[in-house]
Every structure is written in structure tokens, then in C-alpha cells.
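Student: Chain by chain, the residues:
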Amino acid sequence: GDSVTQMEGPVTLSEEAFLTINCTYTATGYPSLFWYVQYPGEGLQLLLKATKADDKGSNKGFEATYRKETTSFHLEKGSVQVSDSAVYFCALSDQKYGGSQGNLIFGKGTKLSVKP
Amino acid sequence: KAGVTQTPRYLIKTRGQQVTLSCSPISGHRSVSWYQQTPGQGLQFLFEYFSETQRNKGNFPGRFSGRQFSNSRSEMNVSTLELGDSALYLCASSLAGRGVRETQYFGPGTRLLVL
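Residue numbers (this note's numbering), protein chains in the order written: chain A, 1 to 116; chain B, 1 to 115.
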């Protein structure tokens with residue numbers, strides 16, 4: 001079945017460091033790919049998304065490119081801030097269920113801590 | 001526009017009891033999905049409702065059920081609670097137009113503790 005694999009955390013960085021969180025996927029259809037972020041005590045917030053190969057999603061300085069050839073959707077940010085400390089989830093949504101968008105499949109999450 | 005709201009935010013129950021959680025989607029959204037988040041299993045899809053009908057279902061036992069009302073609000077019910085049901089239950093809504101790759105918007109979750 002479909003699956004998402006993320007790099008294990010936690011990841012600890014100093015402020016202004018470069019961030020990469022790796023994400024690879026397995027899917028039989030043509031999935032959309034997402035990054036969600038979860039701050040302590042809160043639900044999930046959509047960070048960015050890409051719906052087809054070579055699309056680049058971007059938001060708040062974060063970027064990820066949908067690479068079909070390597071089945072990857074790595075998250076990057078050039079200069080992290082303390083406020084970026086959170087858990088990041090990579091997810092896919094496959095349209096094979098008759099167009100339903102309800103079945104997001106998530107990675108295990110990567111906890112990021114940014115130190116001042 | 002108000003976001004997805006979930007009630008209650010926190011809940012403590014004992015084994016064997018049942019529980020009902022509520023979710024109000026973003027105005028105009030017709031699809032509601034439920035997810036369970038635990039430290040061990042991560043985020044797992046429970047089910048999706050659209051126009052009062054269950055459209056998609058994850059791999060959970062029959063103790064987990066849900067429904068959707070005509071105003072798109074949704075409830076999920078867990079009967080005969082087990083310790084392993086302790087989790088954060090997240091609800092997400094989307095417009096759910098077919099053929100459109102839509103974004104799901106999540107609520108803050110209901111944290112359930114089973115003792």
C-alpha cells in the first residue's frame with residue numbers, strides 16, 4: 001500500500017542554520033504531497049503542498065519540490081528561526097479512492113528544535 | 001472565516017465506557033475526516049464523511065464509528081474504550097469537490113485519556 005517515510009528526529013539546529021528534512025513516498029497512483037506542521041499542543045497546519053511532478057510548494061521560507069523520479073518531497077529552509085520549532089509531517093493523498101481526498105497518509109513526523 | 005472546531009478539547013474516561021467527540025468544519029466544507037494520533041502509531045486515518053455518508057474508512061475496529069449531519073458537523077464515537085484508545089483525535093475538513101486536489105484543514109484535536 002501507499003506509504004511515507006521521513007527522516008528520524010529529533011533534529012536540533014542553531015538559529016539561521018539550513019534545514020533539510022527528507023521525505024520519500026510509495027504510491028500506486030498520482031498522489032498530491034503535503035507538509036504539515038504541528039506546534040506544541042495544537043493541531044496540524046498545512047505548510048505547503050504540490051500536486052504534480054516538478055511542482056514546488058513554498059510558504060514562510062520553506063520549500064519542497066515534488067520529484068517523481070526519486071519519489072521524494074524533501075523540506076528545506078535556508079535560515080531557521082526559534083519559532084520554527086515544531087513537529088513536521090510529510091503526507092500524501094492519493095486520488096484512487098474515486099476522487100475522495102479524505103485519506104491522507106502521514107510519515108511518522110520529525111521534531112525540530114531550533115536553539116538561539 | 002472560523003476554522004475547524006472540536007469539542008471537547010480534553011476528556012478522561014475509564015475502560016469500558018464510550019465517548020462521543022464532535023467536529024464542526026469550516027463553513028462551506030462538506031467533507032470531514034477523522035484521524036487518530038498516538039506516539040507509537042503516529043497519525044492514522046479513521047474515516048471520511050461527505051454529504052452524511054461514509055466515503056472512506058481506515059483500518060480500525062468496529063468500536064470506532066462516526067456520522068455526519070446535514071449541516072456537515074460530524075461526530076465520532078468509540079465504544080467499550082480500551083487503554084490503547086488514549087490519543088489525540090484530529091478532525092479535518094475540506095470542500096471535497098471531486099477531481100480537485102484539495103487541502104484538508106485540521107482542528108486543534110480532542111485529547112482522550114483512558115484510565
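I should point out that these hints are in silico values taken from the structure, not numbers from a laboratory.
A quick note: this is a predicted structure, and the numbers were derived from the prediction, not measured.
Treat the hints with care, as some may be off.
As the list claims (entries may be wrong) - If you only want the chain B side, here are some residues facing chain A, beta carbon under 10 Å, derived:
#, residue
1, 64
2, 90
3, 106
Built from N, CA and C at the ideal position, the CB exists for glycine as well.
Student: For each hint, tell me whether it holds in the structure or not.
Tutor: Status of the hints after comparison with the structure:
1. 64: violated (15 Å)
2. 90: Result: holds, 6 Å to nearest chain A Cβ.
3. 106: Hint holds; residue 106/B Cβ to chain A Cβ min 4 Å, cut 10 Å.
Hint 1 from the earlier list is the only one contradicted by this structure; the remaining hints agree with it.
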